[in-house]
Each structure stands twice: as structure tokens, then as C-alpha cells.
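A.B. asks: Here's the letter readout for the chains.
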Amino acid sequence: MRLKCPANFRIVRLPCTGKIDVIHILRAFEKGADGVYVVGCMEGDCHFKSGNFRARKRVEQAAKILDKIGVGGERVKMFNLSSGEGPLFAQYSIEMDKKIKELGPNPVKVALQAKKKAA
Amino acid sequence: MRSIRTLEELEASGELRTSSKLEKILKMGHLAVTSECGPPRGSDPKAVTEKAALIKDHVDAINTTDNQTAVTRMCSLAACIHVKQMGLEPVLQMVTRDRNRIALQSDLLGAASFNINTMLCLSGDHQSFGDCKQGQNVHDLDSMQLIQTVRRMRDEGKFLGGDDIKRPPKIFVGAAANPFADPFEIRVPRLAKKVACGAEFIQTQCIYNLDKFEEWMRRVRERGLHEKVFIMAGMTPMKSAGMAKYMKNRVPGMDVPDEVIKRIAGVPKEKQAQEGIDICVESIQRLKEVEGVSGFHIMAIEWEEKVPEIVERSGLYPRPKV
Amino acid sequence: MIIASKKPIEEIIQEVKDYKRLLILGCNECVTVCEAGGKKEVEVLASALRMHFIKEGNEKKIDEKTLERQCDHEYLEEIRGIVDNYDAILSLACGVGVQFTAEKYHSTPLIPGVNTCFLGANEQRGMWTERCQACGSCILARTGGICPISRCAKRVMNGPCGGSSKGKCEINKELDCAWQLIVDRLRDLGRLDDYEIVAPIKDWSTERAGGPRKVVREDVQV
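Chains as they are written, first to last, in our numbering: chain Y, 798 to 916; chain P, 355 to 676; chain X, 10 to 231.
Don't read these hints as lab results, they were simulated from the structure.
Mixed in with the good hints there might be a few duds.
[Unchecked claim] Pairwise CB distance ranges (calculated): (1) Gly-219/X / Gln-910/Y: 56 to 62 Å; (2) Ala-407/P / Thr-215/X: 46 to 52 Å; (3) Glu-216/X / Val-676/P: 44 to 50 Å; (4) Ala-218/X / Cys-813/Y: 48 to 54 Å; (5) Ala-911/Y / Glu-19/X: 38 to 44 Å; (6) Val-605/P / Phe-886/Y: 57 to 63 Å; (7) Thr-215/X / Pro-543/P: 27 to 33 Å; (8) Gly-145/X / Lys-642/P: 47 to 53 Å; (9) Gly-511/P / Ala-218/X: 44 to 50 Å; (10) Asn-131/X / Asp-398/P: 51 to 57 Å; (11) Gly-90/X / Ala-911/Y: 31 to 37 Å; (12) Phe-538/P / Cys-147/X: 35 to 41 Å.
Backbone N, C-alpha and C fix where the C-beta goes; we use that ideal spot for every residue, glycine too.
Could you build the full structure based on these sequences and the hints that come with them?
C.D. replies: Below is the structure:
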């Protein structure tokens, strides 16, 4: 299955999306990511029962914080798919790539780069 | 069936504790009638005196409410003074929400200095219902402890702190009871507690569910409480089916049976008020016969002009002269 | 334990914006358990504040540290060596911890990062409810183990008031009527007769009304 998908993201593997925490998402932005998306199993299909529900809540919390500090909560999103759905994974990454490009770069990164240039 | 004593007989019996007109009428054996007068949200005394004038010949005493529903109003004590100055008998309502024990005792002395000699002890609605939701509440004492405080000041001539009072306040003390609030099993024990604290008369919550009230009275009699305290049944005429529904659904601790709502809703809008008055009169007539009911407290909220009609049609007029 | 809730991040930003070097100081006790001011909350707040101020062109030094407790001398001593590296401390401890830290480091401004709410229990995951108002003279033995001071909106000592309806309080249909709970429990304990004992007028001098309080135990002093 050769699927076209953007090459500008890094995959961070987790045993379950339930392992993700708000701080992981924030750290990604602190380190310059323009967007973060979390891909979990279909709701109701979690091997650990509620991991993906927890992940969704944490993504929502992170979005709230990003909104309040002016980075933008739309830069983080939760998706659900089952393990066999390669094409859907590709579609989600295209969708996210498009959205982040519309939003432009992470303002924190922009500010840091500007500062570096000035120095 | 009621045995009535003359005032001379009563005075000779030595049973009078105060010069309260309500105490005299109740102890003489008459069915007493009280009503109430909500002070205004302003400083015009006419708002009190005009309401009082509407009902003065038809009631024995007039309650003045104390910032009812936690909405800031002219103080109850000032309103009582206006009523007293008209030559009428006020009942000072006092809630424990807004004043600590210093202020409560002080206001009692102030009231007694104007010969205001009847009062009702309440805890008061929570401030979240009123216009000062962000305010503190005090509740240094609760309503039962306020009853104890007044009785101690009157009977022992002592402040709560133990010091003697010069000219103790001679005040006839009442309390409220809600026969319909939950849990029902302790409604009578709770009345017993108020009596044990020293309550001498009771004004109940508005009664619409007569069967439940009569059941409560049966239990009251079972414990002999009706012989220790004068129970005045609370009556509020309904103005409309809308008001009946509001009372049923929105007012905590209010029991309005569906039949009552149906009956009012069953007549045309312009006749609903009259139907409400009729229900009130019929209720009084039925409850007059209940052993242990010593009178009626008619709370015609912003409808004081209807009190004379209710009193007259209920056979409670003319009022005894004392 | 002491229950606190996080302050809104906008409020914190306003309070700290003029300090260049900031230490966010968490506490490992109550505020960790109620998820308002432990190590995790310190990390998240630090990250958010760093990003915010970089974006605003107002980059700050924001460091993180979480102490075992902020209400004890010995743990607070742990930051003595570093405290001068900061223009202010943003403490996520309860009001006790914030004040004790302020007393100890007199010349460093202290900013609270949480609102201290009440003494409560972890009723269920993500929900904490009040149980005690620290009145200083416990009456639970007489009220079926349920406190009318902390759980009745009018702290009625001889309740319930007329606003008790179907087991709930008049101020909020979700709130249990404390006196309904007391009556239920007294009944279950076979002690409903105790209901009729009138609670005496309370001595509030052991409560807040009596002024700041102190417990002294000479037997454990060294």
C-alpha cells in the first residue's frame, strides 16, 4: 500500500493514547511543533477500555491552555481509527497538514527564531 | 366547643407573661387572626401604614417580615414601630441570617422599648435567593436558639453573656413550622424541639394540602403539643393558576396538590382570583374544626385588600376586643 | 485534606508579567492529590507560561520545583540556596504554603497560583466536596457523624430548615440536605430519639470568629 502523505511530521509512538499527558502536547509546541495530532483507536475499541477517551479529554485540556496563551487550540486535534485503516491515517495527516498550513507557523517558534536572528 | 375566658378571668389566672394582644386573645381561647405586611424596598413609611390600614380591623396582630426572600428592604423593627404608632399590634419577625447574637439581643431591647411585645423567630431564606448573593450570612444562632435567647432574656432577665438586664423585654415568642417539608417523620419532633426551646405560638407554612396538614396535627395532638403551644394555620390565597403552579414547583417546602391547581385552572382567567379566595375561605372553615388549631395567619402577599373579605367570609369577624 | 482549584491562567499571567525570573513552586501534599498544585501542574503551568511570554517577546526564566510540603520549615529550607536567583515565586500550594513560604523568604514576592477552597474529601474521580470548616470544637458525635456547620448552607444546628425538600437543599437541587443525612443516619443507628436533644448555643470563639488560632502541644515540643 503506497499512500501519499505529507512528510513533515514526526510520529511519537505510544503504547496507548491513554498514556499521553497535557504536558507532552505542550512540550511539543515549546520545542517548535506547529501542530500536534493524536491518533487513537476507535472509541469503544480501546484495549485498555478508556485510554482513547482519556486522551480526548487531555487533548481538549491542552487546546484550552493553548487558546489562553495565544498559541491557538486548533493546532491540536484528536483522531480515531482502527489499525487496518492506513488510507484513513494518510487522509487525516493530509487534513491536519492543510489546516496547520492555513494557521501558519507556531507563534512561539516564530518569536524564538526572530530573537535568534536579532542576536 | 371552644371555652372562652374573659380578659378579667385570664388576668386573674396569672397566666399572662406579656402584654401582647396576641397572647391575650389566644389564651382567652379565641381563634386568633394575624396577617402580614412586607416592608417596602425604600424608606417611605406609607408603604407600611397603608397596608396596615387595609387590614387593621380584621386581624389581631400584623407580622412585619424581616428582609424576606433575602431581598434588602426597610428593616422589620422600623416597620413594627410604624404599625405600633398607628395603635395596632405588630409581630416582629427576626431572622438569624443577618445579625449575630449581639445585634439580635440589642434589637430585642429596642423593640421592647417601643412596647413591641410579640415576635417570630426564623432562620431566614438563604441569601442566594435575594439581591445580595455575594454577601455573608451570619447564623450565629439558629431559630431555636433565638427562641431560647428571648425566653432567657424575658424569664430570667439575663443576657446570653450572663449579665442582668434592666427592664427585661416582655415579649411573647413565636416560631414557624413547616408541616410539609422533608423529612416528614421529624416534622412533629422538630415542633417538639421548638416548644422545648420555649416557643409559645406557631405560624405554619401556607397550607394547601389539608389532608397532610390534618395528619400532622393528629401527630401533634398524639404528643400533646397542641396543649403546650398555640398553632396558627398559615393561609395564602392563590391569585391564579400560574401562581399555584409556581408555588408547587418553585417554592421549596411547599405542598400544592394537583386538585387545587386543577380547580383554579378550571375556571376562566378573570375568575381565578375569586376561586383562590374561595379555596382559602373553605380551607379556613375546615381547619377551624381541627382540634389544636388556635388561629390563622393569613399571608395575602401584595393582596392585603382581600384579607377583610377572607376573614369575614370565614366567620372570624368581628375580632374580639381586648 | 485541603482542596484547591487552579487559578485561571490569564489571572496568573497578569500577576507575573513584570518578573523576569520566576520559580514555580509546587507542593507534594494536598494540592497534589486534588490535582491543583503538584509536580504535574507545575510542569504544565511552566510550559504554558514560557510559551506565552516568548510569543509576547517577553521571554522569562521560568524554573520548576516541587517540595514535599510548603507548610514545614525543613522542606522550605531546600530552596534557600536558589531563592535569590528569582524575582518572584509562583506557589501552587494552598494559602498556608504560600504564606509560610512568604514568611520564610521575606524579600521575595510570592504569588498564589491556586484558589484554596475548603477541607474536603475526594468524593469521586475529579470531584471534591466539603466536609469540615475547622470550627475548633467538633460536634459530630451528636449529629450522626455528619457536620451541619460545613454541609448546611445556613449552618443550622437544629435543623432541617423549611427549605429541605426530597432530601435536597433549597439553594441547589444537587446539594444534599445535611439534616436529611443526619436524620437518615440517626435512624439507621437506632438513635432517632437523639434528634430531639436541642443543640446548645455554640461557642464560636474556637472558630474563625475568635481570631487567628493556635494549637500548642508542650509534650511534643523540644
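A.B. asks: Now look at each hint and say whether the structure bears it out.
C.D. replies: We went through each hint and held it up to the structure:
| no. | hint | in the structure |
| --- | --- | --- |
| 1 | Gly-219/X / Gln-910/Y: 56 to 62 Å | 60 Å, holds |
| 2 | Ala-407/P / Thr-215/X: 46 to 52 Å | 50 Å, holds |
| 3 | Glu-216/X / Val-676/P: 44 to 50 Å | 46 Å, holds |
| 4 | Ala-218/X / Cys-813/Y: 48 to 54 Å | 53 Å, holds |
| 5 | Ala-911/Y / Glu-19/X: 38 to 44 Å | 25 Å, violated |
| 6 | Val-605/P / Phe-886/Y: 57 to 63 Å | 58 Å, holds |
| 7 | Thr-215/X / Pro-543/P: 27 to 33 Å | 29 Å, holds |
| 8 | Gly-145/X / Lys-642/P: 47 to 53 Å | 51 Å, holds |
| 9 | Gly-511/P / Ala-218/X: 44 to 50 Å | 27 Å, violated |
| 10 | Asn-131/X / Asp-398/P: 51 to 57 Å | 54 Å, holds |
| 11 | Gly-90/X / Ala-911/Y: 31 to 37 Å | 35 Å, holds |
| 12 | Phe-538/P / Cys-147/X: 35 to 41 Å | 30 Å, violated |
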